[in-house]
Amino acid sequence: MDDFDIRPAKDIGLHTWERLSSVRRESGPFLTAVHTAWALASRAYFALWHRLRVIGREHLPAEPPFVLCSNHASHLDALALAAPLRVDLRDRVFALAAGDVFFESGFATAFAAGFINALPVWRKRRTPKALQDLREKLLGTPCGFVLFPEGARTRDGDLLPFKSGIGMLVAGTPVPVIPCHLSGTFEAMPAGVRFPRPRRITIRVGEAVRFADVPNDRHGWERVVGVVEERVRALRSCPAAGADRPEPKP
Amino acid sequence: MNPAARDRLLNPFTAFEHEATLPLLVAAVAPLVLAPLVLRFGRRWVSPETRRDAWRRYRGWLVIVPTMAAAVLLGAAWVIAGVAVLSLLSFREYARATGLFREKFICYLVVLGVGVAHFAALDNWYRLFVATFPLSIACVAGFAAAQDRPKGYLQRVALGMVAFSLFGSCLGHLSFLANDVDYRPRLAVVLIAVGYWDVARYVVGRAVGGPKLVPHTHPDRTVSGAVAGAVVVVGFVVVAGWFAFARTGLQDSTRLAAFGLLVAAAAQFGDLMLAAIKRDTGVENLDVIIPGHGGLLDRFDSLILVAPVAFHVINYYAGVGVDQPVCIFTGAR
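If you read the protein sequences in the order shown, they are chains A and B.
According to my numbering, the first sequence is numbered sequentially starting from 1.
According to my numbering, the second sequence is numbered sequentially starting from 1.
For reference, chain B alone in the conformation it holds in the complex (with noise of 0.2 Å):
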């Protein structure tokens, strides 16, 4: 393996390399040391019932935010494969919930099509990695039709090529993400706007109240949450963004607001569509794995939509792994 591989792979003694690393740290965890004090002194303005569950998401965020960050600043090795269990969990919250885990051929297609598409993004191979799409599709619709049960063909590969799509191709540009020398601020700018923007639309949600988003799908959801979560995203990005691509196409104050504007929107779109998974199926927790939050997908439906939208505007403006080293473990060209 070439030594810069190994570095931005394996090596956490570069974690702090990049001058927005550090910033970009304390403002991950800056929330975590404010957010007792604001209950506490805010108890006040808050319902019983409010401060209750905003403890319990704490609690969920005391664990979420330090396992990200770890990952992070531990080397890129860390952040694929923490992507690839995150989708894997994810897709079996996903299967449960929407009765696609009984079609056990139609999975075990999507896990090797996940498992691929991170590899891809480990190697740094991208024609692999934009390959995996269109192949994990054809093979989904193609070997479900050959097992000769045309009856409920249609919601079968349509929930299967649906799983593919977030978890493998939308949460994998989330690893591939990592391929560049400067993954860490990017990714930091990216993930911790996502944890702001769910913050802001949760407490300016339940504090602002106002018209409901879109009430048949979710009736928590307010226009002033989405506003607020929008804001708080852009000012972010486009603050932090200026730093962490410094001396690239993106270190524009117009250009990051509208990328802050494009992570909000996404962000917001990922966090309906899984409400409407969930309504449209009579689940109300896809799990009980991190409490206050349910399952992983409640937590990170926000970031799913974010991956693919986050690495196009940055490939674009910045480039993404210009100068690294390809297929690093195939040697494939």
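Same shape as in the complex, but just chain A (with noise of 0.2 Å):
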């Protein structure tokens, strides 16, 4: 950002809860504020209680627009994401949230926009106007998303099936996908409990993958999921993943 124009915010007009589940939210010195100090906590609590560690650092990106991709085990998983990114970079980088969970309630709604910097994604009634408005942003703001493909948490540490909605976001345009894969968040705080268990968590980071010469269509939005799927599926038998797996049983 070296410009500067006299350019009112997007989400001027809407009430408090509207603009904090709004995509287009935008965040002003308080939420900075609070952007900051929760990325610099959870960067502490992820170092110190699950040990996390990053294999592939090179490939996180420096300046938006881009998409973290990854495997779906936890609630943590969104914090794990955002945790080794630049804290500058923390309030244009949003976690797409389920709405039908993360802002359902007041409480949640401000957790989720104040803390976690998260945008709803509606399942029960997404719309492709939602993810055209997605897709705008990303490329307006512009911002970075942390997204999971699978659409839910995996109840029993396997890969999902991906959906089709990562390739809606970035089918055509140069927007970098940057394939990761979380381990130990499964084991960490897996659907169901509650508190976060002290294990080691790794996030493995991969090259990133462009689709500009993608189209958008149904056609292109699959081979965009079967493109990101494999990348994340790779990384998830990299080498280097067997360092925090289980030793696989005689």
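Hint data in this document are derived by calculation from the structure and do not stem from the laboratory.
Heads up, some of the hints might be wrong.
[What the hints assert, rightly or not] With a straight-line Cα cutoff of 27 Å, these simulated DSS-like cross-link-like pairs (lysine-lysine) come out: (1) Lys124/A - Lys163/A; (2) Lys151/B - Lys10/A; (3) Lys151/B - Lys104/B; (4) Lys10/A - Lys104/B; (5) Lys129/A - Lys10/A; (6) Lys124/A - Lys10/A.
Fit the two chains together into the complex; they arrive one by one in their own frames, and the hints show the way.
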């Protein structure tokens, strides 16, 4: 950001709760201070409680726009993925979170928007317009998204099939998609567990993939999903992964 | 803390010691009682759209007037805290309308300046209060230059300076008025005058219409509304000021009339200033916090420029906080 335009906030005219759960939300000085404090606190938490390890840190993006795509096993995932990012980026990195979980009550909305900087994705009433709004935000702001293409947390630790939303976001754009794999979050806090256990968490970060030449249609979306899913699966079984996975039983 | 300072800051039981406070409270509340009757019985002369708009505004006043009256009556500390919150929330709306909110560093400097200005008012430390203005401006200009982003520098810094001038310095004068032992009737005269000005401008402007005041800036503002606002404010200030400023240099009908005229002019300029900002940025309403009014700045715009005018006129003729202990918390001299 080098220039300055007299340009009103995109979420002007919305009530506070509407603003917090709106894709148009832009952080002011107060939210930025909260995000920064939260980023520092969560970084310390993951370092101390989960001994967070990042393999492939050099692939982490330096500037938006970008999309971090990972497997989804725990509510810790979005926080863990954002933890190693630069603190000054945190205002422009949004975790796409289930609206029916994180934006149902006032308290949850304040927490999700204020601390995690989450944007809602309404699973039961998802529309092409909603994804189009996200796509415009990704390119126009520009910003980063933390995204879990499985759409839900795994119940057994295995990957679920990826959904086409990621394709609708990035097909035909130069936005880099960074495939990541999280291990340890399932052991630390799987679905149904309220408090995280002190298990080691490892993030494997892969090389960025771009889909500028992929058409923005159903076939293109499927191609994007196929490539991203393949990259995430490959990271899961990459050699460095063995270090913190339990030894296979003979 | 000195007992006199504690009484002024926190003691609500001295609220009605000045003989003008109670009549002024009645003057503040009376329109809230009369407005529904006027709207009900005058419905045949008012279009349904205007009536709906008037009811929306009335509901806003129902919250604003008791809140302001409570702050003034409870003690000077409440007034200063309330004005500080108003300043910060107004700055937030301004920053969101202009895009300054994306310049986080400048925003933090402005917020710091606003905080120091209101602390100086709370401490009754006039030298610090005066110093806050040039120092804040210097900080905004200097630190913004140190960011090494020359492109857009003038716009960023100018917006930051205007922000501090309006919300730190101008509104800070309203806080500083609370440092007088008779701050309640004095503040009440200023606040009620601005409220009356707004109502008179609205009612007469709608009812009479006529030539537009500044059609490119605000097509709703009329000359008739401006004149009516000025007449009402001058009348009110001459009558109410006679009692509120008893035994001071302002207990003079000519001076009070001139004071009222200045208040009306500053209120009009404040109103037009916000209209110009909104027109320039293309924003219709700055927020939706007050039903019928929009944002806090939509409601309190006319007060921003009135505050320094009122402070300096009162300070010149009557003095502000003449016998009050200074530097209450810091002990600085």
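Tested hints:
1. At roughly 14 Å between alpha-carbon atoms, lysine 124/A and lysine 163/A fall within 27 Å of each other, so this suggested pair holds.
2. In summary, the hint linking lysine 151/B to lysine 10/A is supported, as the alpha carbons are separated by about 23 Å, within the 27 Å threshold.
3. For the hint pairing lysine 151/B with lysine 104/B, the CA-to-CA distance comes to about 16 Å; that is within 27 Å, so the pair holds.
4. Among the hinted pairs, lysine 10/A with lysine 104/B is consistent with the structure: their alpha-carbon atoms are about 17 Å apart, no more than 27 Å.
5. Between lysine 129/A and lysine 10/A, the direct Cα distance comes to roughly 17 Å. Compliance with the 27 Å bound is thereby established for this hinted pair.
6. With a C-alpha separation of about 26 Å, the suggested pair lysine 124/A and lysine 10/A falls inside the 27 Å cut-off, and the hint holds.
Hint compliance for this structure: no hint is broken.
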